[in-house]
Amino acid sequence: MIPALFLITLLGVPLTNVFQRSFEAGTSFDLSPQLSIAFSAAGQALVSTLLATCIGLPIAGVLATHSFKGRAFTQALVTVPFVLPTVVIALAFRELLGSALAPGFLLVVIAHTYINLAVIVRIVGATWQQLDPRKVTVARSLGASPIRAFMTVTFPELRAAISSAASVVFVFCFTSLGVVLVLGNSSTRTLESQILRETSLLLDFPTAAITALLQLALVSCVLLLGARTSLKRTSAVSTLRFTRLRPASSKAQRSYVFVIATIACSLVLLPLLSLAYASLHNSAGWTLEWWSSLASVDSGTTRLGSPLAAIGTSLRYALLTGVVAGIVGVGAAIGVLTHRLGRAVALIALAPLGISAATLGLGLMLAYGRPPLDLRSSDVLIPIAHSIVAVPLVIAVVLPTLLATDKRFAIAASSLGASPTRAFFTAYGPILRIVMIAAGGLAACVSLGEFGAASFLTRSSDPTVPVQIVRLLQRPGEQSFGVACALAMVLVLGTIALVAGIDALGKKRWVR
Amino acid sequence: MSSLLSKIALTIAVSSSMLLAACGSSQQESGPATVTLLTHDSFVVSQVLIDQLKTDSGITLKITTAGDAGSMVAGAVLASGIPNADVMFGIDNTLLTKAVDAQVFSSFTSKNLDSVIPELKKDTGNGVVTPIDYGDVCVNIDDAWFTKRKLAKPTSLDQLTSPAYKDLLVVQDPATSSPGLAFMLATIAKYGDQWGQYWEKLNQNGVKVSGSWTDAYDSAFSSNGGSYPLVVSYATSPPAEIVYAENPKPTKPSTSVLTDGCYRQVEFAGVLRGTRNEQAAQQVVDWLLSAGVQADVPLSMFVFPARANTPLPEVFTKFAAKISQPLQLLASDVNANLKNWLSEWGQVMGR
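Chains as they are written, first to last, in our numbering: chain A, 17 to 528; chain B, 3 to 353.
Where hints are given, some of them may not hold.
To be verified - Only some residues are given here: those of chain B computed to face chain A with a beta carbon under 7 Å:
#1 G72
#2 A76
#3 S214
#4 T216
Derived by calculation from the structure, the hints in this document are not laboratory data. Don't be surprised by glycine CBs; every beta carbon is placed ideally from N, CA and C.
Build out the structure end to end from the sequences listed, making use of the hints.
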């Protein structure tokens with residue numbers, strides 16, 4: 017019930033506010049431009065999703081089943097692109113590929129694949145970690161090739177997680193904003209960029225509201241499709257004994273792990289290295305000036321605080337978001353399992369994926385930015401917005417794992433006289449702990465990099481790191497660019513540390 | 003050196019405004035008040051001036067930012083009459099009519115309006131906003147690039163379509179970038195009904211369109227490592243290049259400005275209709291136009307102060323381009339035609 021309440025107050029009320037205000041002036045609409053944009057955006061999203069899934073699956077498999085030196089680092093590294101502000105990623109790609117590729121379809125698809133690799137790796141990986149490896153061993157000992165073993169044993173058990181992850185990735189690419197603005201051209205417009213144009217440039221709110229509704233409807237359809245597949249309980253019986261990560265057993269396996277991990281790391285690192293280079297370089301050569309001025313740029317002005325202070329602000333929001341989104345998301349996922357109306361709640365909770373950041377930001381500000389409930393001054397609106405954005409991801413991580421858990425434990429516990437609550441926690445408790453840490457960590461990461469919705473919210477205190485980076489990038493001068501790159505590198509390093517820390521915490525608990 | 007001079011200039015300006023304020027404040031009897039200033043992300047003012055406002059008038063200034071100017075105005079229009087703040091700063095002449103039509107502001111112009119440069123106060127939205135600063139969007143030139151190739155720098159918009167300057171210009175998409183929009187409006191102001199043809203010629207001459215100013219200036223502009231020596235930016239970008247350069251600062255910028263075809267953007271402030279703090283809000287608008295804040299504006303936001311005869315920092319007097327005949331369109335014309343212009347631009351440019 018709590019998740020439902022959370023979503024109604026923080027999602028329903030603001031949206032009603034926006035739509036109500038938008039439709040006050042009645043106009044007629046011509047939806048044909050929107051539909052043609054939706055069509056081309058769907059094509060782009062489909063290609064991006066396919067690429068991200070194909071590259072992400074082997075990486076997820078290696079990370080979920082094998083222990084090797086640098087595993088935690090690799091896993092953390094793969095998550096980083098998802099967390100970086102799109103502006104920074106776009107910039108990194110321009111540095112890397114700008115001279116080779118003109119802005120357009122290909123560049124957008126590459127950037128989308130890069131960003132969303134983490135979604136596939138983490139969502140699918142969370143389920144993959146819990147598959148019983150003995151089944152694959154059995155299949156292999158019966159003579160199945162690795163590919164055949166994967167197709168007949170592993171894949172069917174992963175299908176729910178894959179379709180869940182893929183539909184989330186599709187929606188991210190379909191509603192993408194930052195990437196298409198910087199790396200795209202006319203063929204890569206999205207409804208989201210159209211909404212931004214209609215709200216902030218033309219101030220044509222009725223049309224923007226219609227576009228936002230259209231986007232919401234289309235995204236809901238995709239998520240429903242994804243949910244239909246992922247909510248089907250996989251027939252395979254999995255046990256509660258979690259697999260420990262095992263070192264590669266054969267030479268072939270060792271080289272496979274090595275190759276995949278190396279590819280994953282270099283894919284992620286290449287653009288990041290061009291960023292690092294830019295943060296240590298000026299027109300004359302190598303320099304540390306950009307890093308050393310992180311604390312001092314803009315002191316004494318209303319650009320409140322230095323870039324360094326922005327890091328503290330971002331961490332605070334990230335922590336809050338991790339806790340709030342973790343609780344709400346896991347609560348919603350439990351609701352799906354236990355409550356009659358649970359599935360409806362879960363679908364509503366996925367809705368923020370399709371609600372444009374602009375609409376959400378404006379709505380929150382309208383609903384809670386003035387008396388009687390003025391949350392603006394307390395600055396809780398930003399973590400709230402971040403939580404709303406993060407909850408769908410949390411659900412996407414938690415739900416497939418819970419669904420893959422053997423329900424018979426709960427049945428056994430009840431038949432032995434446990435109360436329904438007790439029975440539930442006996443069956444799902446151990447998994448919940450792991451999954452909650454992973455999900456909360458992912459939510460915290462979303463908060464660290466989120467720019468869209470937050471940029472629309474009025475704020476009175478320090479800017480977050482992404483906002484600060486964008487501000488620095490929006491003015492001329494070598495210093496602005498250099499410091500922005502240094503700050504982006506801080507975000508990169510901070511994310512790697514955070515994710516590695518969370519992963520380590522999760523592992524400690526479940527390798528008993 | 004220049005920063006020391008500007009600091010001295012600032013100190014003089016601040017202390018003189020302190021004196022002025024001290025003389026005037028005996029007649030006012032406003033109690034302690036908090037005024038919330040709604041502004042865009044690019045707003046900057048020295049902290050010392052905010053402290054000054056507090057000492058002089060008892061007003062505590064709270065600043066809330068709301069994304070870029072477009073997002074800010076969008077939010078203000080939706081919240082018209084029930085505002086989240088008391089004063090809005092940073093609305094420019096392209097968006098003004100939308101806000102005025104939506105009755106975002108209450109009737110008030112600063113008592114200091116007399117001191118404003120005359121041509122800036124032609125449009126105050128029928129007496130609801132006060133001009134605070136202005137800036138010009140112009141094509142910037144990478145001087146070194148042209149010197150190296152012994153090619154004459156372009157001196158007019160017309161020349162940009164000539165084969166000599168093929169594949170040299172990068173502009174921003176007017177639908178996604180504020181300077182990009184200003185440049186499109188400049189061509190409309192200059193060429194009238196022929197503006198579409200001008201863009202066709204630009205297109206044939208290999209103009210590159212970026213999504214954002216950052217992308218165009220930081221990545222595509224040859225001065226910053228790209229391959230385009232002409233970029234749409236601001237008349238104050240050359241001095242900003244110096245101020246935000248690494249130490250030791252260069253003695254002169256490596257870029258200059260094409261002074262033909264510049265579009266003038268004026269930024270206004272106004273009291274938001276529905277404020278519970280009308281009087282204090284008005285004082286904040288006055289403060290924005292006070293000598294102290296006006297002297298702070300150039301180095302804080304890289305725009306020119308609206309107040310006539312405000313002393314400029316040396317880096318501005320030396321390196322900022324002075325545009326004698328900037329282009330401008332009526333705010334109401336922009337409001338009425340923007341949607342059509344954007345779609346026409348999109349058709350011509352195939353975007």
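Results of checking the hints against the structure:
1. G72: This hint holds: G72/B lies near chain A, its Cβ roughly 3 Å from the closest one there, short of 7 Å.
2. A76: holds (5 Å)
3. S214: Constraint on S214/B satisfied, holds at 6 Å.
4. T216: Holds. Min distance 4 Å.
Checked against the numbered hints listed earlier, the structure breaks none of them; every hint is satisfied.
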